[in-house]
Amino acid sequence: MIGLPAYLILGALVFSIGLFGVLTRRNAVGILLGIELMLNAVNINLVAFARFNGDVAGLVFTLFTISITVAEVAVGLAIVIAIFRVRRTVEADRLDLLRG
Amino acid sequence: MSAFTLELGLGAVMVLVFGGSLTSRGADRRWIAWLATAGILTLGIVSALVKPTPPALSGMFVLDGLAIFAKRLFLAATFIGLLAGIGADAVACGRRAGEYHLLILSSLLGMLVLASARDLILLFVAFELMSIPLYVLAGFLKGQDEAVEAALKFFLVGSVSSAVMAYGLSFVYGAARTTDLARVAQAFAPGQPLLLLGLLAVFAGFAFKIAAFPFHMWVPDTYEAASTPFVAWLSVAPKAAGFVALFRVYFEGMGDRVATWVPIAAGLAAITIVAGNLMALPQQNAKRLLAYSGIAHIGYMLVGFAAASASGTAMVLFYLVAYVFGNMGAFLVVEAVARSERSEATAALRGLAQRSPLLALAMLLFLLSLGGIPFVAGFWAKLYVFWAAAAAGLYWLVLLGAVLTVVALFYYLIVAKRMYIEAPDASAGRIRLPGTLALAVILCALVVVGLGLYPKPIVMAALRVAAPLF
Amino acid sequence: MAPSVWLPLLVLGLPFVAFVLLAVVAPLRRVGPRAGLVSIGAIALAFGVALTVWIEGFVSETTWAWIPADGGPIATVGLLVDPLSNAMLVLVTLVSLLVQIYSLAYLADERPASLGRYYTYQSLFAFSMLGLVLAPGFLQMFVFWELVGLCSYLLIGYWYERPAAARAAVKAFWITKLGDVGFIIGIVLLWSATGTFEFTDLFEKAQEHALAIPGLPTIMFLIYLGAVGKSAQFPLHVWLPDAMEGPTPVSALIHAATMVTAGVFMVTRTEPLFALVPEVLSLIAWVGAFTALLAATMACVEADIKRVLAYSTISQLGYMMAAAGAGAAFAGFLHLLTHGLFKALLFLAAGAVIHAVGTNDIFRMGGLFRAMPQTGVVFIVGTLALAGVPPLAGFYSKEAVLGGVWEAHLTGPFLMLALTVLLTAFYMFRVVFIAFFARAHAAAHPHEAPWLMRGPLWVLAALTVLVGVRLALGGADGHEETPAWLAPLSVGLALVGFALAWAMYQRRAIDPARIAAALAPIDYLARRHCVRPAAPHRRGPAVAVTLPFLSLITWSPFVGALLIMFTARRRPRAVRLIATVTTGISAALSVWIYAAYDQDTAGFQFYEKFPLVPPLGISYEMGADGISLLMVLLTSIIIGAGVFASWTVTVRNQEFYALLLALVTGVYGVFVSLDLFVLFLFYELAVLPMYLLIGIWGSTGEVRPRGIFAWAFRETGVGTKEYAAMKLTLYLLFGSAFILVGILSLYVNAGAASFSFLDFEATAFPRPLQRWVFLAFYVGFGILAGIWPLHTWSPDGHASAPTAVSMLHAGVLMKLGAYGVVRVGMGLLPEGAADLAWLVGTVACINIVYGALSSMAQTDLKYVIAYSSVSHMGIVMLGAATLTGVGLNGSVFQMFAHGVMTGLFFALVGLVYEKTHSREIGKMGGFGKTMPGIAAAFTIGGLSSLGLPATAGFVAELLTFLGAWRSAHRWWLFPAVAGTFLTAVYVLRVAKQIFWGPPSSHFHDVQDARGPEWVALVALVFVLVLFGMVPGLAIAPIDTATVPLLARITSP
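Chains as they are written, first to last, in the working numbering: chain A, 15 to 114; chain B, 220 to 689; chain C, 903 to 1954.
Derived from the structure by calculation, the hints contain no laboratory data.
A few chain C residues that face chain B, going by a derived Cβ cut-off under 8 Å, partial list only:
| id | residue |
| --- | --- |
| 1 | V1515 |
| 2 | G1597 |
| 3 | M1628 |
| 4 | S1647 |
| 5 | V1650 |
Every residue gets a Cβ at the ideal spot worked out from N, C-alpha and C, and that includes glycine.
Based on the sequences and whatever the hints tell you, model everything.
Here is the structure:
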């Protein structure tokens, strides 16, 4: 039987990988993927807790998280596309019109 | 009246606006803006009649004094923001008026729910409902490169912080075995590392939303690039919502354990005050200046939060009121001048006192209020949070905050100097501004002066609504 | 009153009446000779009365309280009439009378107005010297002592257009003032040890051997230093020769009867005290003898006839001091009297010579005996008397001195004095031979002086002979016989001197140049390093309660501001009218409450209260005690003057007055608020308008950004007056942050929901809390009071501000800081104050010295004044830090005095700037001619700021010094006193540069003050002098407030 800590560690790993991606990726789409991973780590946690606590609230929470993630990523991609149309690049480093 | 009166009302307004935008033809859709504004005004009047009700949705949704106080504030801020936008904001009143207003209204809906949320899931959903429209709005001036770029930055930082917050919430849920905040508080004990970790992660998410240092990076860029009436609203309403949620999560039902948060909040307050004020010093763009000064103000509110007491909470609420009107007013004056001068630099304010004395006077009042000078609202706000902090024994924080207000006054006075001491360009004439914008500025000024001369009712109300939290 | 009191009083009063008459009645002064007659008449009457007093031999002592204090007055004024003073009365009045008569002819060419000025000074001089002579105590003596110094300053600088005269006057003042520093320290120490200034008390104690104070020798030495300065003893003798720049009759007066004799008189008067300290006495004798010898050698090589006489005076003063030091004070005093006669004679005769030939240079004279035989004869009589030839007066007194010194077994001094006898004869006959008997060089045709001049000469010559004969017949009047060999010895030495002179100058047998070079190295050094050689001597042309009173006072200007903002748009006259009326209401009411304040009840009166925010305990609570009362009065005076001083503001004057009046409301509010929270609000109201006032109406381009703010200003590209405005505002708000924290922490810790001062006062705060809250208040309010090193906003701000704002700010707002420290800091946190007093006092000392030094280095007029404020605020803080009743009174008094005089200064600077559009001291000069009124007012302000008696500044500084010595940190006294000396240096330097000397070529058509501008000046000067003369006016109410305050601090 795999215990709760194992799931939590898995969640933490996924979260860390996502965060690492966010921090190191230059490409806006890459950063979006990192954020997606971080939110999935949340889902892993929630499902694991729900399972081990014997409580459905966590599963409900997971459903909400997933739908919110979708909305968020949709908005994010829309912005990325908007920016690509104007600037022909989605490299975060090149986005330097605003400084100071 | 049901617990959801305001939310339902807002939904109705959204339906009206949506329907209107579908049926409307032609480029000038100002009437949609009027419709939305009128709707918010009506809701505002209704909110004055709202009374606390017992918790609804099996305790998930509360309409207590704090929530009502916060909702009134959100509605007032939104009303002024929309009012100023009419006629001032070409995009907001043009072809896409429907989208613009719908987005603002859905964000507002998120805030209204957030103020009442006493459940982790509801809290998270409301939080995202408030945030996601903001990302879109920040990039709403699609033609401008800066706007989209700012929107992307805002979005990326915001999403990461949402993820961090959600991750924290998952731990809170797991450790407390419940999503009800009241019971989370009861489960909170020193021997719960997971719960503490979760709450800390959530705190980071909030810190982002209220733009405390070092989660502030999105603020100046977004403010500079987005349209000013929207920024005026953005700079106050979501932050107010963030603070109300902070109180819910960290204070409600915590009892004596609130002391856990004091060192964290005090440290965050201190660095936010210092960083915000210092970074504001070299700014030449009025909106960036106000952005950084806004960060510093968040620091001052965190001082009240750090007091971790009923009076501290009340004083933050009062501070929020003063800040909402003072800051919005200042942004709107910048907008008025920028429309005439095509420049948002502080230099554009040169000689304003001789060009438009009343506008300059209003700006001076806002600046003095932000600077914490007697006889305008901001003074009492600062005084009260210092007071609460002193009562909590945080003398060092009070001294630090008080000393840094002097730094803040430096850059506010530079603006005052441009308006009052420097002479205007020879070619510059009077500044003409749309009636709605003028009305918005006047409303802000009246509130700022009124609260400066007679702060008592708001202070008493804030004290009343904050007391049950503890 | 017995005649023994009122007759001497009459002697004292007559010249004073003449002075006041001449000073106040300008038309009378301007007619010249007739003004002289008033003065002469008065002094002649006084002489007559003095003669009566002397012949009748009155003895009495009468005193009246002067500076009140708990448990008997600190100081008294009065008359001490005894043979010593009687003789001096006669001498002073006689010489003054003759000099004044003589001057009538001597200065006949002067412009009438300037002659009137001359006689005004003369009367004041006589009055001062008589007051000194009659003084019954050290303090009064010091007051008149300083007045004498002032008069000599005025008279030496009479021809103020001549740079040399201006320089000499300033030098005389500085150097004598240097001695006075010792004097004042000495009497302060003596007072703190014995509790009295009175001679009689002191003498009694001395007799009962009750004066065994440790350090008495030091004290007496310090007092002696005063005499060293005044009586031109080595090494402070350097001023006297230069003082010859004044008109010759003035020299006669100074040398014969007034200024220089003051020191000798003082030592003689206090001989019983000096007798207790033999080591000081022998020092006096040695210094005196050395001075006598040194000055004689210098006289031997001098070519200027007046300077010869001047060195001779120094030399003879050396005799007198040596006698006093040898315990033969009577002999010294006798020599003083006889010397007074023949030195006056010599000077007046020299004056007649100068008048005739138009030069001071003896080598350009010659053969004068034939041209003016009468003058020649009297000069020779004087010379013989000075050389000590029997039976003339000088012989007997000099012999008595020599005998006394010999009897005291002071062989060294005796030998020096004996040698001096020889030299005296030598240099005097040198002059006689060269000037009167050598071949004539003079281009002009010398002629005998008019009768008005010759008359006094003959009178003096006759007296010299008569007194000599009288002494020859009467012997030494019951005093010890001198050794029999002494008379032949001294006569023999005199003859040798005569022979030498004859050989060198009449027969030309010896080359004088070589001897001269050998004999005068010290003089060379002294001149090289201390004295700039005076310009060639050439006489220039002569020129010349049921109402809420406190609320009414506070809000009246605010109502004025509102009225101005809303009703007087673009109507400057209405603006000024409203400003005048509303501040006038405040002023009238503040005088009223000052008069109505019940000193017996003390405490806070005119109490008002109503709640503002009841749940938080904020209420509008006002009340005034002695301190606030005085501060309110000060504010009224300054703002009244400020309104008039800014009469000429025309740019945006509506806003200007509105802001100014709003600011004044803040100031009043701080002084009378008893609710700390409301006090804080008023404080902010007082500070903030300053930003716009300076930023908009300030003068730009003269302040260079410095320090950390300079960086920020480069970034924002701001000009310099904005810089000053910003710096000032930020510093003060920085301070207010500390104040706010302090107030909040008191509120939180007191527990009671109230901000009331009275409630806090009733709370005992724990000691550690007190300590750091006091520190917060000290820093917070102290910034406004300009404490070092947080004072830097003040010079920049004041220099940039418009006149009225500078006046108000330096005059009142800085006081507000000091007031805060005293009232809030010390009043509420007594233990904290006691613990930190060392810090406050030490910083204050730094302030005093640092401010004065910085002031000296400035070239911008406003900066000079601004730094002087920093220095003076140091005195205020020092007084408070002493934690003594006297010191606190002094502190509050200084707040008031400094407020008035700084207001005056800034008003004057404003006027000067307005008329010249420059504040560069270096470019100015000679304004005394074009704007005499401003020059006079500036001088009075300056004198007050350097603590001259009879001005408010003196009383304040004196009390502070007394307090400093009584405090736990005695050394504070020394930097404080040094500060006043430095003040004298820079104030007089500035006055000299700006108002004196030849008119500057940079400015034309500069006019004196006009119309409303006068109102400000006259009012401020009046207050300054009034409170200096009658300090009780202020001290009585202050005392009611400081006594309970102190009781709280010192109670365990």
